[in-house]
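Quick note, our numbering runs 767 ahead of the 1-based positions in the sequence shown.
Treat the hints with caution; some may be incorrect.
Claimed, not checked - Pair by pair, the computed Cβ-Cβ distance ranges are:
1. 1089 / 983: 26 to 36 Å
2. 993 / 1096: 17 to 27 Å
3. 995 / 1064: 29 to 39 Å
4. 1064 / 1089: 33 to 43 Å
5. 943 / 1054: 39 to 49 Å
6. 888 / 866: 13 to 23 Å
7. 1049 / 876: 26 to 36 Å
8. 873 / 997: 48 to 58 Å
9. 855 / 1034: 36 to 46 Å
Hints are computed from structural coordinates only; laboratory data are not their basis.
Since the model is a prediction, treat every value here as computed from it, not as a measurement.
Where a beta carbon is used, it is the ideal one built from N, C-alpha and C, also for glycine.
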Amino acid sequence: MNDVGQIPVLSRRVARLRADGMSAKQVRGRQLARPYHGLRRPEAVTLEQPGLRIADAIGLMTAECVLTGWASRWIQGQAFCDGELYGEQLPVTILCGPGSRLRTRPGIRVRERRLLPGEVIDLDGYAATTMARATYDDMLDAPNPLEALVAVEMATSTVIDQPHTALDNVRATFAAHVKTRGRRQARWALGQASTRSASPWEPRTRMLATDAVGTEDWEVNIPVFDLRENLLGVPDLRDPQTGFVIESDGADHRRVERHNDDNVRGDVFENHGMPIVRIGAAQHARAERPETMERIIGCRARAAVGGSRLWTTEKPSWWWDWEPGRRWD
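All chains should be modelled from the sequences, with the hints used to inform the complete structure.
As structure tokens, this is what we get:
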């Protein structure tokens, strides 16, 4: 169960519970879990992660605190911001003003950063940053520039079925703040950002491919058709010069049905003059990168040799009346 509506009231400070009439015996009872010192929540709660972690963070917040980063984005309905990175949990970030008296503790990261008018919204009685400001904070706190890029692309993607913020909104937030640690990687990420990535592995793959062949002129999730106006597919990345295709395979691609579909789609691209290379998450590991880059270089060289060009990116007339196509426009 993931009832976001119960998050603001799930975890509460002991002082608040006592003020609301709960006895000391009840506060010490086994029916209440103790995620942090001075904080209680029902033991038999059904809320799934990461909602439970966000509920505990909100329970610790005082009037001078604002929820930000991935937690603010998640609670506002964005995808791919579940507080995990490569299997490790990310801390919930809280912006604190003077007098908040909130300290960093396991799973909670406190930041004292300036907030400007219009960057904070009220969500059922607690304060959270706007999607644009939350994305900016995610970029600042990312472990490296690449993950800063992933954050901004997932927050601004127009091809994911989610609420999103405009890339210009994030740029405006960046421009409004100066001398903040992490701005260098945020600036780089904004310079590379596309609003057409459909998963976190796509920008990671795009940067790997850019390192391999030197080009930055990638077509990201652009529909491709055969010469009879049939849709061949929407490749994750395509080189407009040679037509070669790169597909990013996340964990969901390991399922038999998805794997079979991937193979069929790969054959379709190959048969129409678009050589394809598939890159899974494991191929991004440091030890695998040289071989992966060689595969990309080899596929591009194969495409550059030429052959029958049986594809086009020109959209046929029927496309504009086909509702599923709106996702990619």
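How the hints compare with the structure:
1. Our hint of 26 to 36 Å for residue 1089 and residue 983 holds, since their Cβ atoms are close to 31 Å apart.
2. Look at residue 993 against residue 1096: about 20 Å separates their beta carbons, and that is inside 17 to 27 Å.
3. As the Cβ distance of residue 995 to residue 1064 is approximately 32 Å, the hint placing it in 29 to 39 Å holds.
4. Checked against the given bound of 33 to 43 Å, the beta carbons of residue 1064 and residue 1089, roughly 36 Å apart, stay inside it.
5. For residue 943 and residue 1054, the Cβ-Cβ distance of about 41 Å falls inside the hinted range of 39 to 49 Å, so the restraint holds.
6. The hinted range of 13 to 23 Å is satisfied by residue 888 and residue 866, whose Cβ atoms lie roughly 22 Å apart.
7. The supplied range of 26 to 36 Å is met by residue 1049 and residue 876, whose beta-carbon atoms lie about 29 Å from each other.
8. A hinted range of 48 to 58 Å for the beta carbons of residue 873 and residue 997 is consistent with their spacing of about 54 Å.
9. The hinted range of 36 to 46 Å is satisfied by residue 855 and residue 1034, whose Cβ atoms lie roughly 37 Å apart.
Consistency note: the structure conflicts with none of the earlier hints.
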